[in-house]
Amino acid sequence: MKKTAFYGALAVAGLAASTASAATLDDVKARGVLNCGVTTGLVGFASPDANGVWNGFDVGVCRAVAAAVLGDSDAVEFIPTTGKTRFTALASGEIDVLARNTTWTFSRDVDLKFEFVGINYYDGQGFMVPRDLGVASAKDLDGATVCIQTGTTTELNLADFFRSNSISYEPVPIETNAEAQQQYLAGACDVYTTDASGLAATRASFENPGDHVLLPEIISKEPLGPLVRHGDNDWGDIVRWSLNALIAAEELGVTSANVEELGAAPTGNPEVNRLLGTEGELGAMLGLEADWAKNAIAAGGNYGELFEKNIGENTPIGLARGLNAQWTDGGLLYSPPFR
Amino acid sequence: MVDRTIAFVRTEDVPAMPPPPNATGPAKWVKDNLFATPANSVLTILAILAIYFILSGSVPWMLNGIWASPSLAVCREILDGASGACFAVLAERWNQLLFGFQYPADLYWRPGLAFVLLFFAAAPVLFFDLPRKLLIFTALYPFIAFWLIWGGSIFGPLLALLGIVAGAFFYQKFVKNSFALGFFGAIVTALVVWTVGGYIIPDGEIAEGAMRSVPSRDLGGFMLNMMLGVTCVSLSLPIGIALALGRQSSMPIIKYICVIFIEFIRGVPLITLLFVANVMLGYFFPPGSGVDLFLRVVIMITMFSAAYIAEVIRGGLAALPKGQYEAADSLGLDYAQAMRLIILPQALKISIPGIVNVSVGLFKDTTLVSVISMFDLVGMIRGPILASVEWQGVYWELFGFAALLFFITCYGISQYSQWLERRLATDHR
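First to last, the protein sequences are chains A and B.
All residue numbers in the first sequence are consecutive under my numbering, ending with 339.
All residue numbers in the second sequence are consecutive under my numbering, ending with 1429.
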């Protein structure tokens, strides 16, 4: 009798586990909060402020998804993950979506069984050198000492780049970005290499940022994007189209300032109407309210607003849009149509 | 006989001459201690130079420190090129460093009060000259501290206390018949009380007010280090003693369980155990349920340090002459009495330096939890604070502060253990 009850409980637990992975949307709605995996802290992308409120570019994606699903951009439980714990947290169901500047690679998508829903930042590996060095191109770096984080893809990219240009370098292995910053400033290496966004953020923290230059070469592709588990395509669609809504909103000129006005009544632009739910049934197709995209955009603004507020040229990080501009402005951001 | 007159006989001592100037006072001390030999002199001069360079670099930096500033950039503006620390980061993020960034700000008094009460609870254990009645408070302290830090209904901790009291009562009653009956019966009694009580008492979550519940995920800062350190040290000491005795047991099952446990845990790095606690257990439980992360980490660290403490105590047991064991037997004491009255008091006294060594190491190892995304003091610094736009690039001030807090705590532990050794020195060496 006791044994049966035990196995019964096990079966129920197993059932609960399997249903949890099958309908993430229902779980999130029942829970009332979105569990969103973020970094434990990366300048401009995700960090809590002095009052413990999370801010940043990746955090903006979490808040947009929460607003689309639950209508409340604060209904997010931010679960900090390290580079080592992020994938297990997602796979085990501890988080519903991982927005942690994670590079979309073949093996992560296919082998680890995740679904990258899009790209919210096109990054790439770059070089930073002191201005005094007088170097204008990475190809002039023959014989340079390079500070490089060990065990990362940047290490492999660096070796490939120097070999294909048949120039030599001397690596100075370091563990963390903080250590790299100190080593580089102390002159232990001529060059520091990591993702270009990280270089810009690092340079912004220097006492004299103007004394250091970022070289024009970008030697790798690092498309960063939010991801979800395999096996729940409905949930993947929701996160994918929440991100697309932010990108499309910028293209269509919908901002957090005018979204209420545009969403109140049908406008002259049918795509804006479909996006904001005043025309068509797009929200219902996702299993969400009609004003889902309106809420997502109102949460933190469209893609361009999020970019400018967190990592754009008016912030201390000062990243230019570059590849992350809309396709109409020569960038790579290209949302499929809302139709 | 010739009468010889004695011209002069000294009848009193010559007054002592003052010592030569280079054989007294500071001059002699300097000569003896600093410039005794040429090699000694060279070392002294080198040491003075080293101290001078360190101080001339660090003292102006500290004295010139800025305590009020909203960001590192503003600090640098105020300093305007001069060397100076930016202590403003400590001032602005003080609460985050101590309590983490998620603990509700209006509830900081609760862990603060728990911290103050910790001294009252620890005092009768650490200083046995104090009245023994104070131990009652020590026994109640874990429940009070749990209630203060996590909040929620008072019935939860009360039920836990009730279960333990019922178990202790059962043990008292039946231990005279048989130790095994008393011991295991007590455990079963406590479990029964907890299970039955769990059905009767409603869910302990409180959403509002001064005693509202705080989830474990919201704990952080130095508070987390203190909680992990205090909990794990106090739990691993009794478990370590049990393991050490078990390893010496003549009963093969008990002996080999203890041996395998100790050797396995000692053979695995702590960081691996922490990853297991955080990552692997997440796969075993259905999403949204499972054991609290703080509890998982406490279990892992406790197991780890218990294995080490067990080996330290085994060293103490091995150091006792065989005659002590035989003396205990010849007095007609049973195993429990012999251990409690004769063997362990001596073995533990020998083991004090080793136990303190493990405890200090364990306390510092609690910073490892930052790799499994718990925001202890180091996790707070490396994660949220260094990743904020305002404070990115501040290292010395933050890590210096962390080092200071850990030094104060660990030096305190070390000083206490030395006092304890002097206090317990009954041999005449």
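Rather than coming from a laboratory, the hints here were simulated on the basis of the structure.
Treat the numbers as computed from the prediction; the structure is a model and nothing was measured.
Just so you know, even glycine gets a beta-carbon here, dropped at the ideal spot from N, CA and C.
Be aware that a few hints might be false.
[Said to hold, decoys possible] Estimated spans, in silico, between C-beta atoms of each pair:
hint	chain 1	residue 1	chain 2	residue 2	range
1	B	Gly-1400	A	Asp-111	58 to 68 Å
2	A	Asn-208	B	Ala-1091	19 to 29 Å
3	B	Trp-1067	A	Gly-318	20 to 30 Å
For each hint, the structure was consulted:
The supplied range of 58 to 68 Å is broken by Gly-1400 of chain B and Asp-111 of chain A, whose beta-carbon atoms lie about 43 Å from each other. Under the hint 19 to 29 Å, the C-beta atoms of Asn-208 of chain A and Ala-1091 of chain B, about 25 Å apart, fit the expected range. Distance hint check for Trp-1067 of chain B and Gly-318 of chain A: the Cβ-Cβ separation is about 28 Å, which falls inside the suggested range of 20 to 30 Å.
In this structure, the one hint that does not hold is number 1.
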